[in-house]
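Trainee: Letter by letter, the chains look like this.
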Amino acid sequence: MAPPPAPPQKSPSPSQPSGKSEVSDLKLQLRQLAGSRAPGADDSKRDLFKRVISYMTVGIDVSAAFSEMVMCSATSDIVLKKMCYLYVGNYARCHPDLALLTINFLQKDCHDEDPMIRGLALRSLCSLRVPNLVEYLVAPLGAGLKDGSSYVRMVAAVGVLKLYHISAATCFDSDFPAVLKSLMLTDPDAQVVANCLFVLQEIWNLEANKSEEASRERETLLSKKLVYYLLNRIKEFNEWAQCLVLELVAKYIPSDSDDIFDIMNLLEDRLQHANGAVVLATIKVFLHLTMSMTDVHQQVYERIKAPLLTLVGSGSSEQSYAVLSHLHLLVMRAPMLFSSDYKHFYCQFSDPSYVKKLKLEMLTAIANESNTYEIVTELCEYAGNVDVPIARESIRAVGKIALQQYDVNAIVDRLLQFLEMEKDYVTAETLVLVKDLLRKYPQWSHDCIAVVGNISSKNVQEPKAKAALIWMLGEYSQDMPDAPYILESLIENWDEENAAEVRLHLLTAAMKCFFKRPPETQKALGAALAAGLADSHQDVHDRALFYYRLLQYDVSVAERVVNPPKQAVSVFADTQSSEIKDRIFDEFNSLSVVYQKPSYMFTDKEHREPFEFSEEIGNLSLGQESVGNARRYDESDKDLLLSTSEREENGGPNTNGPAAAGYSAPPDYNSSLVSLSSQTQSETAISDPGMPKHTSQMTLAIDDLLGLSVPAALAPPSLKLNPKAVLDPGTFQRKWGQLAVSISQDCSISPQGVAALTTPQALIRHMQASSIQCIASGGQSPNFKFFFFAQKLDGPPSFFLMECIINTSSAKAQVKIKADDATASEAFFALFQSALSKFGVL
Amino acid sequence: MIAQFFVLSQRGDNIVFRDYRGEVSKGSAEIFFRKVKFWKEDEEEEAPPVFNVDGVNYIHVKIAGLFFVTTTRVNVSPSLVLELLQRIARVTKDYLGILNEDSLRKNFVLVYELLDEVIDFGYPQTTSTEVLKSYVFNEPIVIDSTRVPPLGPASIFMQGTKKMPGAAVTKSVIVTEPGGRKREEIFVDIIEKISVTFSSSGYILTSEIDGTIQMKSYLTGSPEIRLALNEDLSIGRNSSSVYDYRSSAGGAVILDDCNFHESVRLDSFDVDRTLSLIPPDGEFAAMNYRTTQEFKPPFRVNALIEEAGQLKAEAIIKIRADFATSVTANTITVQMPVPTYTARVSFELESGAVGQTADFKEGAKRLEWCLKKIVGGSEHTLRAKLTFSQESHGNIAREAGPINMNFTIPMYNASKLQVRYLQIAKKSPSYNPYRWVRYVTQSNSYVARFSTSSFDGTREATQATAISSTSTATSSPLEVVAEGATASLPDPPAPPPPPTTFLGTAVPLLLQLGLSGAIKILGPAATSSSSHHHYLLAYRLHALAVFFTFAADMVLVIYFIACYAGFATPPAGRVMKPLMIAPLAVSFVTVVLGTVLNVVG
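So the protein sequences, as listed, match chains G and A. Per our numbering, residue 62 is the first one in the first sequence, and the count goes up by one each step. Per our numbering, residue 655 is the first one in the second sequence, and the count goes up by one each step.
Don't take every hint at face value.
[Stated by the list, open to error] The list that follows gives simulated cross-link-like pairs (lysine-lysine, PhoX-like), each with its CA atoms no further than 25 Å apart:
no.: 1; chain 1: A; residue 1: Lys694; chain 2: G; residue 2: Lys111
no.: 2; chain 1: A; residue 1: Lys787; chain 2: G; residue 2: Lys658
no.: 3; chain 1: G; residue 1: Lys525; chain 2: A; residue 2: Lys694
no.: 4; chain 1: G; residue 1: Lys88; chain 2: A; residue 2: Lys680
[As the list claims (entries may be wrong)] Quick partial rundown of chain A residues pointing at chain G, CB under 7 Å, derived from the structure:
no.: 5; residue: Asn706
no.: 6; residue: Asp708
no.: 7; residue: Gly709
no.: 8; residue: Ser731
no.: 9; residue: Tyr777
no.: 10; residue: Ser849
no.: 11; residue: Phe1042
no.: 12; residue: Asn1058
no.: 13; residue: Val1101
Since the hints were derived computationally from the structure, they do not count as laboratory data. All C-beta atoms, glycine included, are put in the ideal place defined by N, C-alpha and C.
Please model the complete structure; the sequences and the hints are all you need to start from.
Mentor: Below is the structure:
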């Protein structure tokens, strides 16, 4: 039985599946070869195996040949063996019965003389992923962990993790984690140590939610002893294992400042590593270690600038992008520190658009008194760029810089020059910007209106730009002689206007114009109202009707409603809340930075970085002795590092009074209600001379209207809580691990409460008023998770710890309470419930 | 952790597909390819290297026209994965000699073998070519390197493959020569990517060099090597600013920053600028560096576009090679975007031009001028006549450009970083391996903005101020004053001046206003008279502008001297000294620049 000639150099890209016949053909040939000892049989086998693997690669199901492959696997040729292992690993799961066939030869190979073969066999054995074969795994794994060859031990360590994923119980029964732990501390081979480390990390992280022992084990991974042991050996590890160790160190909570400096000195030279991953991991360690030391933190920024810029320049464009995203994050946090480096962020011709976009944002952020001129000049060059999206983006950037208040008049000139370029997208973008500028700096209206008045509305097609133009026509109709007539012609073409946004603006503009120049506009307004009433769009119809009735009722009232004197907007709300920004910063050196989203927004629950919760607490606790301090260092930190706009925001919490003392979570300005009040507060706090004095009264009025004034806590007399309770996260975590659950109950939330719970911060503030402090929180509508604590006012220090999971769609809260003094927890729960029931009902 | 790794061809076929954790569905390669191919999000044309679809993160790099992709559900470190992908490609190249679709398809079993060892259950294990040698048993099927098309300009331009033509060593680390013996040799390539932006008036706006010392070692027995760099090399901008003879000091190389491969030991680096290392097998970057030190750009680019009657315009691009005649640049491409309403273009190459082509890419609306080689010291010009399909409104120079150049210059390095010597520890007296040290400079982003044929008066005025403000980057106080004139900044770093110093800001302000006003008045007049004389007029205008600036500066100087002598109140006491010197420096630079401009323009 001569082996059929292997298809010589068969085109390596097999045509997509006709599949079946080819697979059966392969099966036949394999069967013929199975027992063959003829010389050259191995070569023919190799060719056949290659074909099988190449089918497998392109996605043709070749599992039908499983038994034939196994039959052919009895060979001493290591290349054949490897191919066979690869095949078996791929298909064993769908053929658990056939997989049994492989166990025999794999087990045999596990005792081979050659450590290579032992390792390979062990790896394949663990990769079968067949639950009912687990029993065959334990013995070879145990032997592998004690093997004399470091290669086998390396493979065995990962094998434990594979076993854990197939059957966690078997893994624990065989006590493998303990073996790994001792291996990690004693093995001479650095890669074995590294493998043990990540295996233990993954196992304990997954187990931590189930058992308290596991979470304790997880904590020991962060013990000083282990961290120092690994750090002292850091140069023995290869670059990937170094990343792993550094990632661990970033989570380590140093005991004192000597500790911090020791670690930083030890790792200093890692910043000169050519591998960007090592550098970024080191930077994360530095940033996290120095969170509590403002001046050192700032030095770290200065120190890491150069290595980051070098990395941006040295790798492929993809690598640069990853580094640049991190640089972007740092720039956004501390723009002042980068203000002299602006030239590094100029766009290069070869930059892909995603890089250019990041750079434009950075340029916008770092623009200040000293560099605005150059930056804006550069941005203006991009505005005429052939790359239209980038051109648009640059115009927006110019506008944003103008809104940041530096050098406004020069920029306004530039913007007006854009309008003269007569490119439709340039005009469109610029109009939107001019509108925003006018809302912030009404004093520029004269210059702007002169230019805007010259723009023919026919050249403006994009709805946003058209709406902006119409807004300006309405707002400044007294300064634009043509305004009523332009509006009139626009109203005449009502039916051709597709965007509801534009039609809405048209109605309002016609109204405003009418109040200023009634005789000229009356006809147009009538036409607009009529057209609006007949409009099919609900909002347009409603607004037209509203205006109509308002006018009918009283024209002067209508004027007061539609066109009251406006106050300039001082700060446009930030698109991203500072809480989210902090979250992203905590997740430095991860995908969160690239996506500019915290991880809970893009990962499924089961795949979330398992340290998540402990990170929540861990990060809050970084370098902070008590929660009370947290806020303080945070603020001073921001004062030094953050842009003025953010500093303005920070004015808010400062004025919050004593309630802010025990404040642990960063405030969130995203929710519109809160931002409104804090904004007005900060306006008064900054005492802008241009700001009318009556704002403070307005603030009060708004506060009352929105129900933000915080009432005194009405605690039941049975239990009084310490309003300034302090508990550091480490202690919280420990206590949470030690104490038993004293109450676990569900309670419901009022609909108003659900409505008010747009972000976790809303509830956190509310609870503070009842002397219940929050230590960590997270989640997004509809699911929120909080960890609260409170302290009994009198008597020995006694804490209540609480986990509260709220689902707003079902309006239910799941509460778990643990307490030092379990007898008082009923009272505490009652207090909590009464506080919760008042949430949003003020 | 990494769930899957796969390599896709340009058409989207799987060449290699490895599932490590079984967490992501098998269809991920198809989802990925579709997403990348039809990427149109946020007006962006191109998919970023990292994106998320339904909770699965796709991270990819493009190398040699192939996609190297990983998927994961975990929030991993993006740079770790991207570095790893790049490293996998590099290791594969070390083994296969050449990395392309063909070689990968022929050797996919070997690649699987590598992948098994590089990543285990999603965790990176090792990417060292040397370590992997003991685990890999397949012999590579080496494809004929002569069949690989040479690295044309197109391949350099290909996104995501910052190609290193200097490193085109196409020998596998494990294949022995036909003679049965391995040739002992080591390649050291100093590769520099330069980025330069020329402003519309021809001066350098930004410049940067990103360099790599790349090694590829075929030495056996891991001998130690020593690589000596320039003795006067200094690192760190901050330290150099103490002495501050950086731009004028001829020869001293100052790097902003650098990093090193982990095998490099820096014991004597501080003393004699020598790197010592035991080079691992295969290709690796021993050192990466970056400098923003001024350097002489290899090419001067001048471009002009102007209207030549109705619906017509003429563009002239001039390149001068500013390097030694012994050096030749090759595969030069010059690209110039033209107004979107350009219908036809006719070209006029120099008489007797060899190896030059010019083309109008209608889809992309740009001119492409390719030159096979440019010898140092030579100058080349391209004239193009553009025909428009509609009338241009406004300034056509704003709707065209900027010009971008791509080139490679072997045996040239812009930073002057040199390898003084390369020493290999001798194992025996007869041991004398081949040592190759090569230099190559490549364009990363070489952009020249258009000169607006200088009859746009207002623009010229802004330019004049731009010159003064950029050239005084080191002496900021004046910059602030000069800018204050046009921009009326709130205040310099010092507190706002008291009323008595009103004169201090008012004088230059008025002067500058007067200047730009004069030009604004003259400007439109010049534009409207589109006669044959407009060039001359422009020159005169320019000279006028320069003169005015100079005069303004002189007045400033006198004023400040007066301040110093006590006749007037100084604007802010502690910035006096720089204020004294800066105007002089500025006026000098302005005059020089102005003259240069006039000559060149």
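Trainee: Any of the earlier hints contradicted here, and which numbers?
Mentor: 1, 2, 6 and 11
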